[in-house]
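First to last, the protein sequences are chains F and W.
For reference, each letter of the first sequence is one residue, going 1 to 346 in my numbering.
For reference, each letter of the second sequence is one residue, going 1 to 274 in my numbering.
There could be a bad hint or two in this list.
Derived DMTMM-like pairs: lysine to aspartate or glutamate, alpha-carbon spacing no greater than 20 Å straight-line [as the list claims (entries may be wrong)]:
#1 F:56 to F:28
#2 W:268 to F:311
#3 W:201 to W:138
#4 W:54 to F:254
#5 W:165 to W:154
#6 W:257 to F:254
Derived from the structure by calculation, the hints contain no laboratory data.
Here the structure is a predicted model, which is why all the values come from computation and not from measurement.
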Amino acid sequence: MEKVLKKSDLGQWVARLKDFDLYGPVRENNHWEFNQISQLANFPEDYTQVNVPLKKILLPNREVLFQFEDNRNGGPYLQEVLPEEREVVVFGVRPCDARGIVLLEKVFSSEIPDIYFERRRQQVYVVGLSCYPLPGENCFCLSLGGGPFSTKGMDILLTKMQSKYFVEVLTPKGEKLIKAAPEYFFNPTDKDQQERQQLERKARAMFTRQIEGVEKIWPVLSQMFESPLWREESYRCLKCGICTYLCPTCHCFDITDEISSTAPLQGKRVRVWDTCQFPDFTMHSSGHNPRPDKASRLRQRIMHKFLYFVETFGDIMCTGCGRCVSKCPVGIDIIDILNKVASHGA
Amino acid sequence: MEHNPYLPQLARIISIKEEVGGARPIKTFHLELLNGHRFDFRCGQCAMISVFGKGESMISISSSPLIKEYLQFSILKMGRVTTALHEMEEGSIVGLRGPYGNGFPLEEWKGKNLIFIGGGIGLAPIWSVLQTALRQRDDFGQLTLFYGARTSQDLVFKDELKKLKETIPVYLSIDVKEPGWNEYVGFVPQNVLDKKPSPEKAIAITCGPPIMIKFVIKGLQELGFQDDQIFTTVENKMKCGIGKCGRCNIGHHYVCKDGPVYSWARLKTLPQEY
Numbered sequence: 001m002e003k004v005l006k007k008s009d010l011g012q013w014v015a016r017l018k019d020f021d022l023y024g025p026v027r028e029n030n031h032w033e034f035n036q037i038s039q040l041a042n043f044p045e046d047y048t049q050v051n052v053p054l055k056k057i058l059l060p061n062r063e064v065l066f067q068f069e070d071n072r073n074g075g076p077y078l079q080e081v082l083p084e085e086r087e088v089v090v091f092g093v094r095p096c097d098a099r100g101i102v103l104l105e106k107v108f109s110s111e112i113p114d115i116y117f118e119r120r121r122q123q124v125y126v127v128g129l130s131c132y133p134l135p136g137e138n139c140f141c142l143s144l145g146g147g148p149f150s151t152k153g154m155d156i157l158l159t160k161m162q163s164k165y166f167v168e169v170l171t172p173k174g175e176k177l178i179k180a181a182p183e184y185f186f187n188p189t190d191k192d193q194q195e196r197q198q199l200e201r202k203a204r205a206m207f208t209r210q211i212e213g214v215e216k217i218w219p220v221l222s223q224m225f226e227s228p229l230w231r232e233e234s235y236r237c238l239k240c241g242i243c244t245y246l247c248p249t250c251h252c253f254d255i256t257d258e259i260s261s262t263a264p265l266q267g268k269r270v271r272v273w274d275t276c277q278f279p280d281f282t283m284h285s286s287g288h289n290p291r292p293d294k295a296s297r298l299r300q301r302i303m304h305k306f307l308y309f310v311e312t313f314g315d316i317m318c319t320g321c322g323r324c325v326s327k328c329p330v331g332i333d334i335i336d337i338l339n340k341v342a343s344h345g346a
Numbered sequence: 001m002e003h004n005p006y007l008p009q010l011a012r013i014i015s016i017k018e019e020v021g022g023a024r025p026i027k028t029f030h031l032e033l034l035n036g037h038r039f040d041f042r043c044g045q046c047a048m049i050s051v052f053g054k055g056e057s058m059i060s061i062s063s064s065p066l067i068k069e070y071l072q073f074s075i076l077k078m079g080r081v082t083t084a085l086h087e088m089e090e091g092s093i094v095g096l097r098g099p100y101g102n103g104f105p106l107e108e109w110k111g112k113n114l115i116f117i118g119g120g121i122g123l124a125p126i127w128s129v130l131q132t133a134l135r136q137r138d139d140f141g142q143l144t145l146f147y148g149a150r151t152s153q154d155l156v157f158k159d160e161l162k163k164l165k166e167t168i169p170v171y172l173s174i175d176v177k178e179p180g181w182n183e184y185v186g187f188v189p190q191n192v193l194d195k196k197p198s199p200e201k202a203i204a205i206t207c208g209p210p211i212m213i214k215f216v217i218k219g220l221q222e223l224g225f226q227d228d229q230i231f232t233t234v235e236n237k238m239k240c241g242i243g244k245c246g247r248c249n250i251g252h253h254y255v256c257k258d259g260p261v262y263s264w265a266r267l268k269t270l271p272q273e274y
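Taking the hints into account, I'd like the entire structure generated from these sequences.
Written as structure tokens, this is what we have:
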């Protein structure tokens, strides 16, 4: 379903969504984050991309799985802690972050479903914002089957036009949000349609970064396990892990116990984000480490996204958001690396 | 209610036996689930043991699935969780979730001769298969065990091995000569080459330190074993046990669910990240 919404009516619509917790881009120092908001009058002109992607709402960086404590009989007593029941609408989600959720679903909703992720997924409504102009200098979603107007993973996609938002309602969840204030939504005119199409064409022409021949990458990668490329590209890595923490699809986690009292024992088992870029991520208690150096860890990051995930789920685990390139303190550039890989297969 | 894969069941430690003392101590624990719940598993599968307040460790189950009274784990004191386990007493409560992993394909081994080759604590996963084969003796051909450790003190299941010798051929070894040791002195792979088990209708199952496995496989190949006749288990660090936390992978395989049991025919196609 396609609608239009007057720019001045955005705030009125959002105000009607009283039954939901609302999240939107909020400026913090020099960057944007998805934080809880009480109103949303507009998307600021300088809003580009949030720092920490949407995944933080579905897979929080610290999440209590259960609590344990010694009861009077001496034995531990376990109390499951499930995500609280609250419906959340996130506004201003860029297409790369929304597609990230679709990829996370493949991991967390397959085989043995992750009850924590699933609950949050059911409760989260994604209202996207298309990308014109492109939000980042390292955007390369177009090379990976995405695009600045991609709707994957969204319930609604908004496109900011001259005086209106073009509103693409994509799911029943999206329809539910519109129904909260139907009087603000109108059918688009032909001119609205044209304006939206034109913006998409212009946005698609703006990409400066791309991978030449992405389809070559995974067959080539399967032959590159021993390539010197990994050492060459990783020697300056600081092992900070920012490439994975800010990635919309990276999902590796640790499970650890936090105790608040030892006698009687009281504590929580928590899940926290972890990263394959840390040396002790794979280290056995014997000290043996299957991925002992920076080269093997960079290889793992690239191979997981562009080979292993393709073998398992038939999709690339990267949405081209460009954060790992923009935020890397030493300039390790996944786009360059992938172009080098692709050129091996040329 | 929806299944929560991270929530352990509670289990009681019903017995603890000290197998090995000294600087690298090993204890064998027998566990039972509280409330009489059953824990079904296959030989070669693992379970995640929780010591609340310390964390979790993935440990292979060393008892036979045919034994319903208890689950057996033989545990080397290594890190935070296993150290805490070593300090626990009979009657203590731990958490248990699982089982995890694929297990050994025992159904495909019916009628075959089974050759077990273990080193150190690596006897644990082998023990589950061996105990099952002994209980279903008619289903299998000849059973043979090769087992070695650094010193005679480091051998696990010493009492059980003594009894086992009355039933099947058991070839023990230690790395360096000790007074009073009448059996083989040298590494496990050499002992295997020395005794020359026949590959005819045989399956070799080997678990132990990576370096031992490497040379055992080489030795077995010299003796004429094909890659699909050799099975081993792989260990990698694990957290979730259900293929999500992204830690134990070898290529696109997750050892926690696609392993830990691999035929050499399968394992050799994967990158060497274990």
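Cross-check of the supplied hints:
Annotation: proposed proximity of residue 56 of chain F to residue 28 of chain F holds, straight-line Cα distance about 16 Å (limit 20 Å). As the CA atoms of residue 268 of chain W and residue 311 of chain F are separated by approximately 18 Å, the hinted pair is consistent with the 20 Å bound. Taking the CA atoms of residue 201 of chain W and residue 138 of chain W, the gap is near 15 Å; set against the 20 Å cutoff, the hint holds. For the proposed pair residue 54 of chain W and residue 254 of chain F, the alpha carbon gap of about 13 Å is at most 20 Å, so the pair holds.
Under the criterion of a C-alpha separation no larger than 20 Å, the hint pairing residue 165 of chain W with residue 154 of chain W is consistent with the structure, at around 18 Å. Between the alpha carbons of residue 257 of chain W and residue 254 of chain F the distance comes to roughly 17 Å, so the proposed pair stays at or under 20 Å and holds.
The structure shown violates none of the earlier numbered hints.
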